[in-house]
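Dock chain V against chain H, hints included.
Chains H and V supply the protein sequences, listed in that same order.
All the letters of the first sequence, read from the start, carry residue numbers 1 to 265 under my numbering.
All the letters of the second sequence, read from the start, carry residue numbers 266 to 530 under my numbering.
Treat the hints loosely; a few may be bogus.
[Claimed, not checked] Here are the computed lysine-lysine pairs in the DSSO-like style, where the Cα-Cα straight-line distance is at most 30 Å:
| id | chain 1 | residue 1 | chain 2 | residue 2 |
| --- | --- | --- | --- | --- |
| 1 | V | K367 | V | K297 |
| 2 | H | K32 | H | K102 |
| 3 | H | K153 | H | K29 |
| 4 | V | K526 | H | K232 |
| 5 | H | K32 | H | K13 |
| 6 | V | K297 | V | K472 |
| 7 | V | K447 | H | K182 |
| 8 | H | K207 | V | K315 |
| 9 | H | K232 | V | K497 |
| 10 | V | K472 | H | K232 |
| 11 | V | K367 | H | K207 |
| 12 | V | K472 | H | K261 |
| 13 | V | K367 | V | K414 |
| 14 | H | K149 | H | K102 |
| 15 | V | K315 | V | K278 |
| 16 | H | K261 | V | K294 |
| 17 | H | K207 | V | K472 |
| 18 | H | K232 | H | K261 |
| 19 | V | K526 | V | K294 |
[Claimed, not checked] Examples of chain V residues toward chain H, derived with CB under 10 Å:
| id | residue |
| --- | --- |
| 20 | R345 |
| 21 | I402 |
| 22 | R403 |
| 23 | A432 |
| 24 | R439 |
| 25 | G467 |
| 26 | L474 |
| 27 | A480 |
| 28 | R514 |
Read the hints as simulated data drawn from the structure, not as lab findings.
Here the structure is a predicted model, which is why all the values come from computation and not from measurement.
Even glycine gets a Cβ: it sits at the ideal position worked out from N, Cα and C.
2 protein chains.
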Amino acid sequence: MIIVGELINSSRKAVASAIETRDEDAIRKLAKDQAENGAHYIDVNAGSFKTGEPEHLRWLVEKVQEAVDLPCCIDSPNPRAIEAGLMVHRGAAMINSVSLEKRRHEDLIPLVAGTDFKVIALCMSDSGMPRTADDRIRTAEALLNLLTKHRVKMDHIYVDPLVQPVAADQTFGREFLAAIEKIMSHFEGIHTICGLSNVSFGLPLRKFLNQTFMAMAIAKGLDAAILDPLDKRMMANVLAAEALAGRDRFCMNFLRSYREKRLQL
Amino acid sequence: MIIVGELINSSRKAVASAIETRDEDAIRKLAKDQAENGAHYIDVNAGSFKTGEPEHLRWLVEKVQEAVDLPCCIDSPNPRAIEAGLMVHRGAAMINSVSLEKRRHEDLIPLVAGTDFKVIALCMSDSGMPRTADDRIRTAEALLNLLTKHRVKMDHIYVDPLVQPVAADQTFGREFLAAIEKIMSHFEGIHTICGLSNVSFGLPLRKFLNQTFMAMAIAKGLDAAILDPLDKRMMANVLAAEALAGRDRFCMNFLRSYREKRLQL
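Next comes chain H alone, as it looks inside the complex (with noise of 0.2 Å):
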C-alpha cells in the first residue's frame, strides 16, 4: 500500500500558521513524524493561501525534502503553485490532481507529459461530480488515454475515483467501491488512490467509519491512500487488511509491526 501523508495541509489553522511564519521545525516535524509512520510521499497543500501559493508551496517542499528522504505530492488547484513546488522537488513527485475538466488538464498535461512523475487522475468532469461506479469508469478512462498519449506511463497513474458521503446518498459508498472494483481489473498496471474521510461526512464516529471504509476498499483492490499516519489504529487496519487481502507475504509485514508494538488499537 502507497500512503500518502496528509497532514501538512493549509486547511489545518496550525499548518496555515506555520507556513505564514515560516515556521521550519514545524514543518520538518510533520515530515518526520508521517514518514516514520509508514509514509512514502509526504503531501504538501497551501491551497488555503489566496496569495502566495507558489512560494509557500515551494517553500514546503524544500523544507520536507530537507527532513525526510521522500518524495512530496504536490497538492493544488492552481498549476501555477505545482509548477513551482516541481521546480525545487528532488527525484519523482507525485502531482494531486489532474481531471478531466478542460482548463485543468490543459493546463497539466503540458508539466507531466513525458515525465516519471506520479499523476493522480481524479475523476471529475466539466459535468460534475461523478455519482455513479460507471460515472467514474468513464471519466477514467478518458484520463488515462489523455495521460498515456502524452507518455505518462500506466503504472505511474493513480486513479482517484473521489468518494462521496453515503449520509448524502446512500449508494455513493458501494459506488465508489464498485470503481475501484472495475478500474483494477480492466486497467492493467494502474494504481487506485483516494482520501476517503468524505464517505462519512455527516454521521457520527466518523473516524471509525473511515478506518472501516478503508478495509472495504482493500477488500476492492485500493493500492494506495492519501491519510493520516499518526491515525495509528487506520494504519493498523490498513495492515490487517493487506494481510487479509494476500498483499502481505506470510503476514510479515503485520507481524513485524505487531512485534514492534506498531499496532495500536
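Same frame as chain H, but now just chain V:
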C-alpha cells in the same frame, strides 16, 4: 445482515458443563443475551459429546425457544442429532450444514427436501477443503443444483465458502473474498454466510483481524454471518460496513444504534 449467534456451542467449556448438568438458566441467558444484541438465529451445537448428542440438541432447542422467540440454527456433524433437534423446533430452522460430501448430503437432503428450512451449503466435498475461489464456485454450484432439485428455494440457501487461515497460505483470504463476490453475483437470490474466525488462526490480534475481515467480506457482498453478537466491536463493524455498502437505508440503523449507545468501539 442475518446474524447467527454462535455462543451456545459445546466446544466452549461453560456451555458443555451447562448441557451436562442441564443448567437451563445458563442456556436461557445465553439465548437472551444474543437475541438482545442482534442475533436472528441462535446456533445450537452439542457436537463435542460422543454420546447423547441427539438428546442434548433437542434439549438445547427447547430451552432456547422457551427463552427467545427466534429460530435455531441446528449445528451438528450427526444427521440423527439434527433430526432430533428439528423434532421439537418451532418455525423454520436453519440447518448447519449440508456439504457435497456424499455421506453428508445423502443423509441430510431427505431432511430438508421440500421444506422451508434455511440450509447452510458448505463448500466442502469428498475431495477435501477448497483452496481457490473456483474450487468454491464449483462446489457451490453442485450443491445449489442438488438442493433446488429437491425443492429447497434459492432464497433459503446460505452458501458458506469456508474460510481458511491466511497464516497457512496468504491467498486464502483473497480467494474466499473472491468466492463471496462471484457467488453473490452469479446466483440470483442466494445468500452467503460464514464463521470467519478461522481466517486469523495462527496470528496475533485475532479479534481485530476478524473484525477487519468482516468489513471486507461485507464489501464483497456477504449478507449473513455466524458470530458472537456480544462482541460489541464486531457488531459495530457490521453496522458501519452495512451503512458504507449502501445496505442501510439513510444510515438509519447505524444512526439509531449510535443514539442508543450500542456502537461501542
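Now the hints, each set against the structure:
no.	hint	in the structure
1	V:K367 / V:K297	violated (37 Å)
2	H:K32 / H:K102	violated (37 Å)
3	H:K153 / H:K29	violated (33 Å)
4	V:K526 / H:K232	holds (24 Å)
5	H:K32 / H:K13	holds (19 Å)
6	V:K297 / V:K472	holds (23 Å)
7	V:K447 / H:K182	holds (14 Å)
8	H:K207 / V:K315	violated (48 Å)
9	H:K232 / V:K497	holds (20 Å)
10	V:K472 / H:K232	holds (17 Å)
11	V:K367 / H:K207	violated (48 Å)
12	V:K472 / H:K261	holds (17 Å)
13	V:K367 / V:K414	holds (16 Å)
14	H:K149 / H:K102	holds (16 Å)
15	V:K315 / V:K278	holds (15 Å)
16	H:K261 / V:K294	violated (38 Å)
17	H:K207 / V:K472	holds (19 Å)
18	H:K232 / H:K261	holds (11 Å)
19	V:K526 / V:K294	holds (22 Å)
20	R345	violated (38 Å)
21	I402	violated (17 Å)
22	R403	violated (21 Å)
23	A432	holds (6 Å)
24	R439	holds (4 Å)
25	G467	holds (9 Å)
26	L474	holds (5 Å)
27	A480	holds (4 Å)
28	R514	holds (6 Å)
Hint check: violations occur at hints 1, 2, 3, 8, 11, 16, 20, 21, 22; the rest are consistent with the structure.
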